[in-house]
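Q: One-letter residues, chain by chain:
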Amino acid sequence: MVKEWFHKFSQSSRAQLFFIITYVLVTCLGLYLLEDSASAIFPFLLVLLSLLILYYMKINVKLKWAIGFIIIAVMIPLSASQGSNFQAFMDVGTLVLIYVAMSLGLNIVVGFAGLLDLGFIAFFAVGAYTYGIFGSKQANHFMPFGHYPLPGDTFWIFIFVGAIIAAIFGILLGIPVLRVRGDYLAIVTLGFGEIIRIVFNNMDHPINITNGSMGISQIQPPRIFGYPIDTPSEFYYVALFIFILVIYVVKHLENSKLGRSWKAVRDNEIAAQAMGIPLVKTKLAAFAIGASFSGMMGTVFAAKQMFVDATSFTYLESTMILVMVILGGMGSVPGVILGAAVVIILNNQVLTDLSNWMTSLSTAGILNVPDALSPSKMQRFIFGILLVVFALYRTQGLIPHKNKKVDAERLKREAAAEPPYGNSEAKTNLEGSDS
Amino acid sequence: MLQHIIQLLPQVLVDGITLGFVYAVVAIGYTMVYGILELINFAHGDIFMTGAFIGSGFLFLFISLGLMSSLPALLVFLIVIILSAMITGGMGVAIERVAYRPLRKRNAPKLIALITSIGISFILEDLVRFIAEWKTGNYIVTAPSLFNHTFTIDIHSIMPFFNNAKFQSSFIVVLVVTIIMLIGLDLFVNKTKWGMAMRAVAQDRETASLMTINVNRVISVTFFVGSALGGATGVLFMLQYGTIDPYIGFILGIKAFTAAVLGGIGNIRGAMFGGLMLGLIEMFAAANLSTLTGGLFGSEYKDVFAFIILILVLIFKPEGLFGKATIEKV
Amino acid sequence: MNVLEVKNLTKQFGGLTATNDITMTVEKNSITAVIGPNGAGKTTFFNMITAVYKPTSGDILLNGHSLVGLKPHEVSKFGITRTFQNIRLFNEQTVIDNVLIGMHQHLKAHWVGTLLRLPSIRLEEEKAKVQAYKILKYVGLEDYVNENAGNLAYGAQRRLEIARAIAARPKVLLLDEPAAGMNPKETKKLTDLIHDMRTRLDVTIVLIEHDMKLVMEISDYIYVLDHGELIAQGKPDEIRNNQRVIEAYLGKVAAEND
Chain A
1 MVKEWFHKFS
11 QSSRAQLFFI
21 ITYVLVTCLG
31 LYLLEDSASA
41 IFPFLLVLLS
51 LLILYYMKIN
61 VKLKWAIGFI
71 IIAVMIPLSA
81 SQGSNFQAFM
91 DVGTLVLIYV
101 AMSLGLNIVV
111 GFAGLLDLGF
121 IAFFAVGAYT
131 YGIFGSKQAN
141 HFMPFGHYPL
151 PGDTFWIFIF
161 VGAIIAAIFG
171 ILLGIPVLRV
181 RGDYLAIVTL
191 GFGEIIRIVF
201 NNMDHPINIT
211 NGSMGISQIQ
221 PPRIFGYPID
231 TPSEFYYVAL
241 FIFILVIYVV
251 KHLENSKLGR
261 SWKAVRDNEI
271 AAQAMGIPLV
281 KTKLAAFAIG
291 ASFSGMMGTV
301 FAAKQMFVDA
311 TSFTYLESTM
321 ILVMVILGGM
331 GSVPGVILGA
341 AVVIILNNQV
351 LTDLSNWMTS
361 LSTAGILNVP
371 DALSPSKMQR
381 FIFGILLVVF
391 ALYRTQGLIP
401 HKNKKVDAER
411 LKREAAAEPP
421 YGNSEAKTNL
431 EGSDS
Chain B
1 MLQHIIQLLP
11 QVLVDGITLG
21 FVYAVVAIGY
31 TMVYGILELI
41 NFAHGDIFMT
51 GAFIGSGFLF
61 LFISLGLMSS
71 LPALLVFLIV
81 IILSAMITGG
91 MGVAIERVAY
101 RPLRKRNAPK
111 LIALITSIGI
121 SFILEDLVRF
131 IAEWKTGNYI
141 VTAPSLFNHT
151 FTIDIHSIMP
161 FFNNAKFQSS
171 FIVVLVVTII
181 MLIGLDLFVN
191 KTKWGMAMRA
201 VAQDRETASL
211 MTINVNRVIS
221 VTFFVGSALG
231 GATGVLFMLQ
241 YGTIDPYIGF
251 ILGIKAFTAA
261 VLGGIGNIRG
271 AMFGGLMLGL
281 IEMFAAANLS
291 TLTGGLFGSE
301 YKDVFAFIIL
311 ILVLIFKPEG
321 LFGKATIEKV
Chain C
1 MNVLEVKNLT
11 KQFGGLTATN
21 DITMTVEKNS
31 ITAVIGPNGA
41 GKTTFFNMIT
51 AVYKPTSGDI
61 LLNGHSLVGL
71 KPHEVSKFGI
81 TRTFQNIRLF
91 NEQTVIDNVL
101 IGMHQHLKAH
111 WVGTLLRLPS
121 IRLEEEKAKV
131 QAYKILKYVG
141 LEDYVNENAG
151 NLAYGAQRRL
161 EIARAIAARP
171 KVLLLDEPAA
181 GMNPKETKKL
191 TDLIHDMRTR
201 LDVTIVLIEH
211 DMKLVMEISD
221 YIYVLDHGEL
231 IAQGKPDEIR
241 NNQRVIEAYL
251 GKVAAEND
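Chains as they are written, first to last, in the UniProt record's numbering: chain A, 1 to 435; chain B, 1 to 330; chain C, 1 to 258.
It should be emphasised that the hints constitute simulated quantities derived from the structure, not laboratory data. This one's a predicted model, so the numbers in the text were calculated from it and none came from an experiment. C-beta atoms are modelled at their ideal positions from N, C-alpha and C, and glycine is treated no differently. Do not take every clue at face value.
[Unchecked claim] EDC-like cross-link-like pairs, simulated, lysine to aspartate or glutamate; straight-line CA separation at most 20 Å:
no. : chain 1 : residue 1 : chain 2 : residue 2
1   : C       : K127      : A       : D371
2   : B       : K317      : B       : E133
3   : A       : K412      : C       : E147
4   : A       : K405      : C       : D220
5   : B       : K317      : A       : D183
6   : C       : K127      : A       : E409
7   : C       : K127      : A       : E418
8   : A       : K402      : C       : D196
9   : A       : K377      : B       : E133
10  : C       : K71       : A       : E414
11  : B       : K135      : A       : D371
12  : C       : K77       : A       : D183
[Stated by the list, open to error] Restraint-style ranges between C-beta atoms, simulated for each label pair:
no. : chain 1 : residue 1 : chain 2 : residue 2 : range
13  : B       : S290      : A       : L172      : 50 to 60 Å
14  : A       : N60       : C       : M216      : 54 to 64 Å
15  : B       : N107      : A       : F19       : 41 to 51 Å
16  : B       : I315      : A       : L245      : 52 to 62 Å
17  : C       : G14       : B       : I315      : 17 to 27 Å
18  : C       : H195      : B       : N107      : 32 to 42 Å
19  : A       : W156      : B       : I6        : 54 to 64 Å
20  : A       : Q218      : B       : I172      : 19 to 29 Å
21  : A       : D204      : B       : L292      : 40 to 50 Å
22  : B       : S145      : A       : P206      : 33 to 43 Å
23  : C       : Y249      : B       : N107      : 30 to 40 Å
24  : C       : K54       : B       : S290      : 44 to 54 Å
25  : B       : T136      : A       : V74       : 36 to 46 Å
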């Protein structure tokens, strides 16, 4: 009975559409009304859940994207905007977007190309320092010309400068490293991540480039048409803009010639080479494009925090991004988005709330939890468990990757209209495509 | 400048040899596992760290029981190091059973096994942190010292261009114990039945299993030996350097892996040599980097050195200094 | 006309000589077989031609151009593709994607163009898919277009390897034990396919095979390797009666019966 009803529901796109709109409106209303209370987190999570429900709906793909965009860009900020927690929610939202973009970058490297990069945070650091140095007085220490900080209007250029410099770092790392055997790559990239962190932490002498362990402060907020961007709710839209860019790039590359080459190299290097795919070049492309996502979000991070130092870019951070990819599902774009969102919300909202709750229980004398066990300190343990459990029992992650299917019927029709496979047209057919 | 470097040389040698032997024994754990499973066991550095904490735990226990005054320090040390080695050895076996064997059974890609080992490494770090912080209030633990008599090698009076070198009695303990472990392992691998089986499995797992070698048992033994040695080295590290925290295994593990690669991965004697060499290079760099670069770069870059060596070796001589080049079957 | 020439090709692994001083010529549009007992160095020979291994000495010429020193993907661009003895498909990808990867070097798409959604690239991609479908139909796999390659049956995987290789439109196609593990019926279909490819695709075929019936039936010329040495060459009838070849094989058969 229920099954039958559900089947009917899943066949009718109008019913699903009605459901999702009702769901979003109701949860948003809940968030709107409960915004000031301590339990505002629940409607917030329920609103986010709508995106997952939306993913599984069987409705027109373009409509799906449009609804998703409206939820993220309009409904969430609007319904959260009325209370004192507004900026806190938007802060988490911004972080989610930042890390989703980064984990999509790492997904290209690990999920598509099959290269385990354990120093991925280095590219984030490169982006953050790029804007940090030129968006503050720091650049005055070593630049022979110009006056710094550069005005916040230049931030928009720096998003792309950060992407390009991170990509260059990716290639510089890749050229020597990608020649080494696959399983050594993990440890070399880990070493690279540490080198970058140590160097950034010590580059206050002989020339003061990064201000060493003191970090760079007073970074200029971005400005748009003379209007400064300095609250989380405003950064949310900056991050959203880059996020959309990243999704566009990933979705279009995944099933292109380059995307197929990445997966071919991942599945079988020797066969890939035998089919004419250059190994180093293909892997470098994965490194560079993945790194550039991180670099872009690094600039946003620096501008948002208005401060950068090397402590934000540790091995723990690199592993956290890896956890997002593994949890969501290697190679699966929707999976990785979910994985990143789950980890960030767990890390920044749920664990903190749990810790506070346990502390309050302790102070009330109800329960005595040792401070050492405070959930907010258990990141490593939780990440470790997630990695092991998913690697052992659900390698494909929360939302497994699905290969894109072609419309075989259409291909059959089109192939039938042409002469059968053979030499005469084998030579002309493809080459005719550039005319 | 040269004079300055030469003056410091005796101390650099003493410190470098101490650190080098620590790297050497930990490197063996990496190289043995890699030789057999082709897996970089990221958890191995943390087994070393766990050994250090278990060792200091036993020492604290003995102190609280009042055994320290009644027993000679050397005996206490032997009991502690053997107990710790047995426990970490058992942990190694357990980790292999739970985390790596299921993957091997279903022939999962190498990437997955690597990820599992990273997960195990994180779990160990946090469990140790939790217990240490719970018991002592701080996850950085200062271990009780057993051998802290300071000796001075009066080399200056014989050869005046050298400065004197100082060391603690723990240095001798580290030296003697690591040398015993290295020789023992070498004998074990080359002269015993299990050692022979291990080499056979490393060379060709399928053929070895056809020769009635129980491959799973051999892998368990390998993990036990490697982890026990790692844990014992952790105890030595704790005695030598005094302060330990749950994250010492991470950096030290990478460096020990570098040492293993330097000596040719899978090659046990190579790992010993690589460890010693890396220890010496690192201490030399720490002492002289600032002098050599005219103050531009200080000893804070010494960790960077190990990574650069790793990258250079992998690019120019990936088979290591003593390894044979391998050919992938097509 | 000789399309492929191999001159004094030698490969040593450490002290072990895998192939020693092999010289052979392959005529254009012919079917040439390389046979010999296990461990004779046949696959090593293929690996040198496709630059997986670098020869210790000797030269390999394709239409007069030396291939020695090229990278594997460059050899493929020169017009040599192969299949593998131990099947090497892209298991996690669909059957049609495997064939599309075979077309890699003939697709002009660049990632910048892909991101800009240039119409020419979208058209190229569409045409490539139709072409891939036709190739799959040609080898008899058109019903498995969207299946993951790893899920195919053994014989189908072998045919997909051939489909992927011919998608690269090679001048010379190397088949490494294409009939291994196939039943007689499948082998018969394969024999027909190889025959047909030669005429339809205007391709030169070199194959390693243990199935002597297949080899004798389709080969124009046969080279026999044993212990890395070239011990005989000739037309199928000559090889059938060659004393050294019989000895090499009988020795092997006797050893197997132990």
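Q: For each hint, tell me whether it holds in the structure or not.
A: Hints and how they fare:
1. About 64 Å separates the Cα atoms of C:K127 and A:D371, which puts this hinted pair outside 20 Å; it is violated.
2. For the given pair, B:K317 sits about 43 Å from B:E133 by alpha-carbon distance, which is inconsistent with the 20 Å threshold.
3. Simply put, A:K412 and C:E147 have alpha-carbon atoms about 16 Å apart, close enough for the 20 Å limit, and the pair holds.
4. The straight-line distance between the Cα atoms of A:K405 and C:D220 is roughly 41 Å, outside the 20 Å bound, and the hint therefore fails.
5. With a C-alpha separation of about 16 Å, the suggested pairing of B:K317 with A:D183 holds against the 20 Å cut-off.
6. Distance check on the hinted pair: C:K127 and A:E409 sit about 15 Å apart at the alpha-carbon level, within 20 Å; holds.
7. Restraint check for C:K127 and A:E418: satisfied, since their Cα atoms lie roughly 11 Å apart, inside the 20 Å limit.
8. For the suggested pair A:K402 and C:D196, the alpha carbons sit about 36 Å apart, so the restraint of at most 20 Å is broken.
9. Distance check on the hinted pair: A:K377 and B:E133 sit about 11 Å apart at the alpha-carbon level, within 20 Å; holds.
10. Only pairs whose Cα atoms come within 20 Å are accepted, and C:K71 paired with A:E414 is rejected, the gap being roughly 37 Å.
11. With a C-alpha separation of about 11 Å, the suggested pair B:K135 and A:D371 falls inside the 20 Å cut-off, and the hint holds.
12. Of the supplied pair hints, the one linking C:K77 and A:D183 is violated, its CA atoms being roughly 28 Å apart against a limit of 20 Å.
13. As the Cβ distance of B:S290 to A:L172 is approximately 27 Å, the hint placing it in 50 to 60 Å is violated.
14. Distance hint check for A:N60 and C:M216: the Cβ-Cβ separation is about 59 Å, which falls inside the suggested range of 54 to 64 Å.
15. Here the CB-CB span from B:N107 to A:F19 is close to 43 Å, well matched to the stated 41 to 51 Å.
16. Roughly 35 Å separates the CB atoms of B:I315 and A:L245, a value that falls outside the hinted 52 to 62 Å.
17. A hinted range of 17 to 27 Å for the beta carbons of C:G14 and B:I315 is consistent with their spacing of about 22 Å.
18. Remark: the range hint 32 to 42 Å for C:H195 to B:N107 is upheld by a beta-carbon distance near 37 Å.
19. Taking 54 to 64 Å as the suggested C-beta distance range, the pair A:W156 and B:I6 conforms, at roughly 57 Å.
20. The beta-carbon spacing between A:Q218 and B:I172, approximately 54 Å, falls outside the hinted interval of 19 to 29 Å.
21. Against the hinted window of 40 to 50 Å, the Cβ-Cβ separation of A:D204 and B:L292 comes to about 20 Å, which falls outside the hint.
22. Remark: the range hint 33 to 43 Å for B:S145 to A:P206 is upheld by a beta-carbon distance near 39 Å.
23. Taking the beta carbon of each, C:Y249 and B:N107 are about 35 Å apart, inside 30 to 40 Å as hinted.
24. Taking 44 to 54 Å as the suggested C-beta distance range, the pair C:K54 and B:S290 conforms, at roughly 45 Å.
25. The beta-carbon spacing between B:T136 and A:V74, approximately 52 Å, falls outside the hinted interval of 36 to 46 Å.
In this structure, the hints that do not hold are numbers 1, 2, 4, 8, 10, 12, 13, 16, 20, 21, 25, in rising order.
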